[in-house]
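S.K.: All chains, please: the whole structure from these sequences, using the hints.
Just so you know, the sequences run in chain order A and B.
Under numbering that gives the first Met the number 0, think of the first position of the first sequence as 0, with each following residue one higher.
Under numbering that gives the first Met the number 0, think of the first position of the second sequence as 0, with each following residue one higher.
Source of the hints: derived by calculation from the structure; they are not laboratory data.
Hints may be right or wrong, so weigh each one.
Said to hold, decoys possible - Heads up, simulated DMTMM-like pairs for lysine to aspartate or glutamate below, C-alpha to C-alpha not over 25 angstroms straight-line:
1) A/395 to B/126
2) A/288 to B/64
3) A/395 to A/268
4) A/421 to B/126
5) A/421 to B/64
6) A/421 to A/397
7) A/288 to B/126
8) A/266 to B/126
9) A/410 to A/268
10) A/399 to B/93
As the list claims (entries may be wrong) - Here are some of the chain B residues that sit facing chain A, going by a computed Cβ distance under 7 angstroms:
11) 120
12) 124
13) 126
14) 140
15) 216
16) 259
17) 265
For every residue, glycine included, the Cβ atom is placed at its ideal position computed from N, Cα and C.
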Amino acid sequence: MESKKKSRKGYEINRRTFLKMAGVTGLAASPIAFPAVLRGAAPKEILIGSIHPITGPVAYDGTSLDQAVHLAVDQKNAAGGIKSMGGAKIKVALMDSEGKPKVGEAAAEKLIRDGCVALLGCYQSPVAMVTTAVAERHGVPHLITVGVADELLERGFKYTFRTQPDASNMAELTCKYLRQLSDKFNIALKTIAVLHISGFGAVVNSKLAKFASRYGFEIIGSVSYGIGTPDITTEISKIKGMNGDVIVDVGYLSDGILKIRTYNDLKVEPKGGIIGCANGAFSNPSMVKEMGRLAEFLMDGNYWHNPRSAFARSVIEEYNKKYTRVIFQSHAVHAYNATLVVIDALERAGTSDPGKLRDAIARTSFKDHIAPGGPIEFDTTGQNKNAMATLQQVQKREIKAILPDEFSDAKPVFPIPPWSAKA
Amino acid sequence: MNFPGLPLLLQSIVSGILMGGVYSLVAIGLTLIFGVMQIINFAHGSLMMLGMFTTYWLYVLMGVDPYLSLLFSIPICFVLGLLIERFLITPVLDAPAHNQLLLTLGLSLFIENLALFLWSPNFRTLDIPYLQTAVTVGTVMISFPKLVAFFFALLLTAFLYYFLKNTDLGKAIRAASMEREGALTVGINLRWVYCLAFGIGTACVGAAGTLSAPFFYVNPSVGGIFVITAYVVVVFGGMGNFIGALVGGLIIGVAESVGAAFFPGQLKKFIIYFIFILILLFKPEGIFGRRSE
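M.R.: Pasting the structure below:
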């Protein structure tokens, strides 16, 4: 309520300022069109906003996303800026969401007030739910860098776009890849138990429940836990007691570290293995670095870069050269892609007017991105039609894509060896 | 809600007790500081994080065994506590409570962001093989680093209890906590006692940090995870009550863990906060608290 009041107040000031300006220059323009006029007028510098959690419990991930936005922009600026706009340079304005929807909302309001022509964010779906609503209200395009919840695009918004595969895609493809592994290695797999974090994990869990039967699986139970849980032993004992053929695991990096240790302590070894789905830990280089041998052979059905693309490999190399404190992880793939989409749309639109930019984004068909799958093209809801999750596995301390074949750089090791055999 | 079988119940009770030991140690530092100085230390979590990072860096840079690093983290945190008390808390001792609260909150933000700047938000772990061992008794798994943390926590608590009960300094601290003016009258140097209490409280949480590092991850915002529970423990056991914090830690640890066996997800916290509200409503001085004068 309060923030609504604030924004209205801010608008009045804008209008008053406008009226003064209009009086001086004698321009006749409608007050509603004003923000667009100001932002569209041949800018020397194009401002885009990045809203990510760079402090708080997911600061590590948030930082990796924001860095990807900066990298894409820096590369474009170094290559001469937006050519169709006379080499205009892009500037990224970063605001910390602290992982909180309220803070994210205020950040979106401020960035738009400051003249950002597009927003990029937010890593956490609850935050993106409100930042996209702000962007929609102001008519500014909002690219979701990472934000899994399908609901983000189910509200009929015109200004929200997402390049990454959504929860449905990741859940469905994880089931599909599991079935392929089961067939290929001739290991009968039937039942799945799901361990998931609340929040986004609950979303993924519901999608798993929806798609499992399509690939011949039965979900025999799910166990959830909250973020910031100091001890996860009871939950893992519970999931172990379900005796599923496969455990599908959904969560972030920090809880993932605790879970992997506890799986090992309790020697949880279902015959189909423990497989992540949209898991922030299982295909995270930072996890692999920290967990050492325990990380070996973990699998994850998740978004990933295209290991067969030389361009993708060069981007990662440059990223890790530039940012040594927080290294490249898969979240960065879509932050980078989303930024490329904005850049590409700016180039095609030849203007930074947010409305025209929105239309250009909606018509995107962009091949030169770093994820697997076809060109980035958005459907009417704003979802990238050609986004796809792949299956990754840790092999010899490196994360390799193993399925599907055309986007893989290693062969699957299956069934997953027991914890004591990991070296 | 579904009813867990016996093995799961036993497992959850054992892991709850083990975690409870760590909660106790964190809460004891908090309750000591509150009991003596009537200050709620919001920087407690960030000080715990410093204890964890001390252990982490000693291992990574110099190969010091994490448990041996108690010999470093305790004195380091003790001195840090003395300095914080002397230069930051003393000036606001007579200020309104909300000023003190804002000061410790500000301090915690400062420490956390400094850590973020110095060490990045990366999650770090101690990758030492012997920390990945667990023993199984019947159907119950006991994680080795948690067992060690539990015993050290009890040992340190017992040591501190002895110190407070039987030494002159300890008696002076207790006197200051019970009756400020009376303590002044009999010639106790309150400024020094405050310094000492804050130092000991910080040393406790530093030790808790060191003991948790082997089974947890280390990260600038990690302290909050333990300290939020510790606040509940302190209220539960009675603000300023030493034994209350110890027993409260164990009870809250078990309540949380057994709660997870019955309830899904965030609901396991429900039990803790439900207890918290009941205590505040019906026995605000805490289970072991003395009636306030």
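S.K.: Look at each hint and say if it fits the structure.
M.R.: Cross-check of the supplied hints:
no.: 1; hint: A/395 to B/126; result: holds (16 angstroms)
no.: 2; hint: A/288 to B/64; result: holds (20 angstroms)
no.: 3; hint: A/395 to A/268; result: holds (20 angstroms)
no.: 4; hint: A/421 to B/126; result: holds (14 angstroms)
no.: 5; hint: A/421 to B/64; result: holds (24 angstroms)
no.: 6; hint: A/421 to A/397; result: holds (14 angstroms)
no.: 7; hint: A/288 to B/126; result: holds (9 angstroms)
no.: 8; hint: A/266 to B/126; result: holds (18 angstroms)
no.: 9; hint: A/410 to A/268; result: holds (21 angstroms)
no.: 10; hint: A/399 to B/93; result: violated (61 angstroms)
no.: 11; hint: 120; result: holds (4 angstroms)
no.: 12; hint: 124; result: holds (4 angstroms)
no.: 13; hint: 126; result: holds (4 angstroms)
no.: 14; hint: 140; result: holds (5 angstroms)
no.: 15; hint: 216; result: holds (5 angstroms)
no.: 16; hint: 259; result: holds (4 angstroms)
no.: 17; hint: 265; result: holds (4 angstroms)
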